[in-house]
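*Asks:* The chain contents come next:
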Amino acid sequence: MAEIVIEGLSKIYPGPSPVRALDGIDVRVGTGDFVALLGPSGCGKSTLLNLIAGFEAPTSGQLLLDGKGVGAPGPDRGVVFQEAALFPWLTVWENVVFGPKVQGLPRSEYEDRANRMLEIVGLRDFRNHLPVQLSGGMRQRVGIARILTLGSRVLLMDEPFGALDAQTRLTMQELLLSVWQALQPTIIFVTHDIDEAIFLSSTIYVMSARPGRIQERIDVPLARPRTVADTASETFSALKLRILNLIRH
Amino acid sequence: MASGRLSIRDRFGSLLLGTIVPLVLLLLWQYAGSRPGMAGIIPTPLKVLEGWHGWIFGEQGMGLNPYLGTWLSNVQYSSMRVAQGFGLAALLGVPIGLMIGWSRIVAQMIDPMIQSLRPIPITAWLPFSIALFGIRDFGSIFLIFLGGLYPIIVNTTQGARDVERNLVRAALMMGASRRQLLMRVVFPASMPSVFTGLRIGLGISWTAVIVSEMVAVKSGLGYVLWDAYYVGRMDIVLADMVSIGMLGFLSDRLIVYIERRVLAWRILQSH
Numbered sequence: 001m002a003e004i005v006i007e008g009l010s011k012i013y014p015g016p017s018p019v020r021a022l023d024g025i026d027v028r029v030g031t032g033d034f035v036a037l038l039g040p041s042g043c044g045k046s047t048l049l050n051l052i053a054g055f056e057a058p059t060s061g062q063l064l065l066d067g068k069g070v071g072a073p074g075p076d077r078g079v080v081f082q083e084a085a086l087f088p089w090l091t092v093w094e095n096v097v098f099g100p101k102v103q104g105l106p107r108s109e110y111e112d113r114a115n116r117m118l119e120i121v122g123l124r125d126f127r128n129h130l131p132v133q134l135s136g137g138m139r140q141r142v143g144i145a146r147i148l149t150l151g152s153r154v155l156l157m158d159e160p161f162g163a164l165d166a167q168t169r170l171t172m173q174e175l176l177l178s179v180w181q182a183l184q185p186t187i188i189f190v191t192h193d194i195d196e197a198i199f200l201s202s203t204i205y206v207m208s209a210r211p212g213r214i215q216e217r218i219d220v221p222l223a224r225p226r227t228v229a230d231t232a233s234e235t236f237s238a239l240k241l242r243i244l245n246l247i248r249h
Numbered sequence: 001m002a003s004g005r006l007s008i009r010d011r012f013g014s015l016l017l018g019t020i021v022p023l024v025l026l027l028l029w030q031y032a033g034s035r036p037g038m039a040g041i042i043p044t045p046l047k048v049l050e051g052w053h054g055w056i057f058g059e060q061g062m063g064l065n066p067y068l069g070t071w072l073s074n075v076q077y078s079s080m081r082v083a084q085g086f087g088l089a090a091l092l093g094v095p096i097g098l099m100i101g102w103s104r105i106v107a108q109m110i111d112p113m114i115q116s117l118r119p120i121p122i123t124a125w126l127p128f129s130i131a132l133f134g135i136r137d138f139g140s141i142f143l144i145f146l147g148g149l150y151p152i153i154v155n156t157t158q159g160a161r162d163v164e165r166n167l168v169r170a171a172l173m174m175g176a177s178r179r180q181l182l183m184r185v186v187f188p189a190s191m192p193s194v195f196t197g198l199r200i201g202l203g204i205s206w207t208a209v210i211v212s213e214m215v216a217v218k219s220g221l222g223y224v225l226w227d228a229y230y231v232g233r234m235d236i237v238l239a240d241m242v243s244i245g246m247l248g249f250l251s252d253r254l255i256v257y258i259e260r261r262v263l264a265w266r267i268l269q270s271h
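These protein sequence lines are chains A and B, in that order. Take the first sequence: its letters are residues 1 to 249, numbered as in the working numbering. Take the second sequence: its letters are residues 1 to 271, numbered as in the working numbering.
Watch out, some of these pointers could steer you wrong.
If the Cβ cut is set under 7 Å, some of the chain A residues that face chain B in the computed set are [what the hints assert, rightly or not]:
hint, residue
1, Ala57
2, Val79
3, Phe81
4, Ala85
5, Pro88
6, Trp89
7, Trp93
8, Phe126
9, Leu130
10, Leu134
11, Met138
12, Gln181
13, Leu183
It is worth saying that the hints were derived from the structure and are not from the lab. Each residue gets a CB set at the ideal place from its N, CA and C atoms; glycine is no exception.
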């Protein structure tokens, strides 16, 4: 179970001229859903993700995970950051097992799992490398392996592939889809890339800026499993055009 | 060939270039020192070498020269004091700096005090230190400690404050406690600044040992420096100055060596 219910959520940054980053957000994410938060920069999509992660507290409204209020950050909600945010002084392996280690689990309880996750993201041979020795895409793979090892049921991803080149991005998107298919976690994926949102998610929440609001909730009518070929389909183009028009107005 | 890497020939060439100006200055010095009437004020480089040689290798207690053969023991006195005072400064300065940078409450409690004590030059502490500890070793060590302490605290604090926010968030997300966050994230992330603080602190520690030995104790390179000046042994004064410079340089290299090993991840990063 990993169901997220968000009702009337608002976030105001106080100050001489208070900023309404989020205003009356309603979002519902079912167990095992793949949801995208799509919008231009400044629409508050990252803020919304930070609230779910527990990095920041909402000003008002409800934010429930499995019926309980979301509190401080924890391993149940794994976050993949835009720049991976790996510890540069730790090796790939040490980064991946950081979570179970600080939680005091014995090695036998996480070793197999960590190895399997490194295998899934294709980094088995890079266990002893330092993050600086890896490419941007590989660092994001470590970031993904790390929260899979953590056993998070909810994956919160904040434009994780935004800084990658187009080719690497596609590989990473396919990797993420296969991981999602295999492990069935709940995923909330923040992006400003319309193609990415359509290709990956089942439901897209289109957001608008100042104040950050949910403009529209769109179900993606593409079947699973998806391949690159889907991005050239008519359904895909039609949906993309619809979202483009939404965002422009 | 990779850029930034010099061939042996280039390296030799740049070494040669670097020696031209000092060599000219040495020759000028030799010439000036040999002029009549200058002998008592500026000993020539050769005279300095001669005096230095006796200071290092001479047999103690022979003749009227009180410095014969005492170089090594004075180097040891000064180095030990720096090692103790600076070691204490590092041992206390790093945790204090981390706590100030990490905890707002600690910062509010300690930082104003440190910021208001810091502008007092260590030389101004001399009378107080002598009054408190007498003409004893600890009077000197206290000043070295104080001189090294501030830059270590200030730089470590900065390092702890500048830890990337997402690294802290990542650790919290993975279930790290506040204590684990401090030890496993904030501390290693601050290491580059810690080493900056250590290097600056060590330089000030060497200043402090010389100043304090001139006044607060009766041994070490600082004591010899002042004593030799009083009896007109300018060759020893100059040999002493060069010795201090060499020790400062070597101890700094030692820290850089340790830094390279500890911060291997960072050195790779900058390539």
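*Asks:* Take the hints in turn and mark each one as holding or not.
*Replies:* Consistency of the hints with the structure:
no. : hint   : in the structure
1   : Ala57  : 14 Å, violated
2   : Val79  : 5 Å, holds
3   : Phe81  : 5 Å, holds
4   : Ala85  : 4 Å, holds
5   : Pro88  : 5 Å, holds
6   : Trp89  : 5 Å, holds
7   : Trp93  : 14 Å, violated
8   : Phe126 : 14 Å, violated
9   : Leu130 : 5 Å, holds
10  : Leu134 : 11 Å, violated
11  : Met138 : 15 Å, violated
12  : Gln181 : 24 Å, violated
13  : Leu183 : 18 Å, violated
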